[in-house]
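Chain by chain, the residues run as shown.
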Amino acid sequence: DQQVKQNSPSLSVQEGRISILNCDYTNSMFDYFLWYKKYPAEGPTFLISISSIKDKNEDGRFTVFLNKSAKHLSLHIVPSQPGDSAVYFCAASAGGSNYKLTFGKGTLLTVNP
Amino acid sequence: EAGVTQFPSHSVIEKGQTVTLRCDPISGHDNLYWYRRVMGKEIKFLLHFVKESKQDESGMPNNRFLAERTGGTYSTLKVQPAELEDSGVYFCASSPTVYNEQFFGPGTRLTVL
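Same order as they appear, the protein sequences are chains H and A. By our numbering, the letter at position 29 of the first sequence is numbered 29, and the numbering carries on one by one without gaps. One gets our numbering by counting positions in the second sequence from 1 and adding 1000 to each.
Mixed in with the good hints there might be a few duds.
Said to hold, decoys possible - Now the stretches of chain H that chain A is said to cover, found in silico as 3 or more residues with beta-carbon under 8 Å:
hint, segment
1, 32-42
2, 45-54
3, 100-108
To be verified - Restraint ranges, calculated between C-beta atoms of paired labels, are given here:
hint, chain 1, residue 1, chain 2, residue 2, range
4, H, 81, A, 1020, 34 to 42 Å
5, A, 1063, H, 45, 26 to 34 Å
6, A, 1097, H, 70, 50 to 58 Å
None of these hints come from the bench; they were simulated from the model. Cβ coordinates follow ideal geometry from the N, Cα and C atoms, glycine included.
Here chain H stands alone, though its shape is the one from the complex (with noise of 0.2 Å):
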């Protein structure tokens, strides 16, 4: 029973235009929502996050929309660039006294010169 689903599983687009990646979710407790970067051999990176009590949240290229009524959250890079290839995750968290992250598969960006 996944909780947060990322739909597309991989994303290609043009350097210097627009992203964006997608995320929805199924529990309503849900209240902190993350966008975490992976690369390589790497571990997750933290990218972004954004509140319940919030609609958008801002940081540089990278924005994150949350869409309560619909449980939908999207992050959009503007511009892309090549730098950004990676995979995206998706994460969220009911609050309380433990913030455990309950993660989406993951999409993959590959962003071309």
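Starting from the known structure of chain H, arrange chain A on it as the hints suggest.
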């Protein structure tokens, strides 16, 4: 500041043997998490330490897995006896409090033959 380190980076063992994985969190991080990614699947939570105490071990697959964090510093995860389905990448993560993002180590790739 040193990041989360894990040892070994790779381990190949035979079914029935014992393996111990080690994680050194970022200095001063009270929270330590273990996750596992089985090939083709999502990263899954195993357990969470706050200092030396197990806060949540709901993700531990069975009693063949034993995690310890003596003194609240480094942690070990022992698998005894190992089974084929234990193969995967084991990640450790740490955070100063539960309200911060988790910093991941590079992982230990475990292969059980």
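Hints, verified against the model:
no.	hint	verdict
1	32-42	holds (count 4)
2	45-54	holds (count 3)
3	100-108	holds (count 7)
4	H:81 to A:1020: 34 to 42 Å	holds (40 Å)
5	A:1063 to H:45: 26 to 34 Å	holds (33 Å)
6	A:1097 to H:70: 50 to 58 Å	violated (30 Å)
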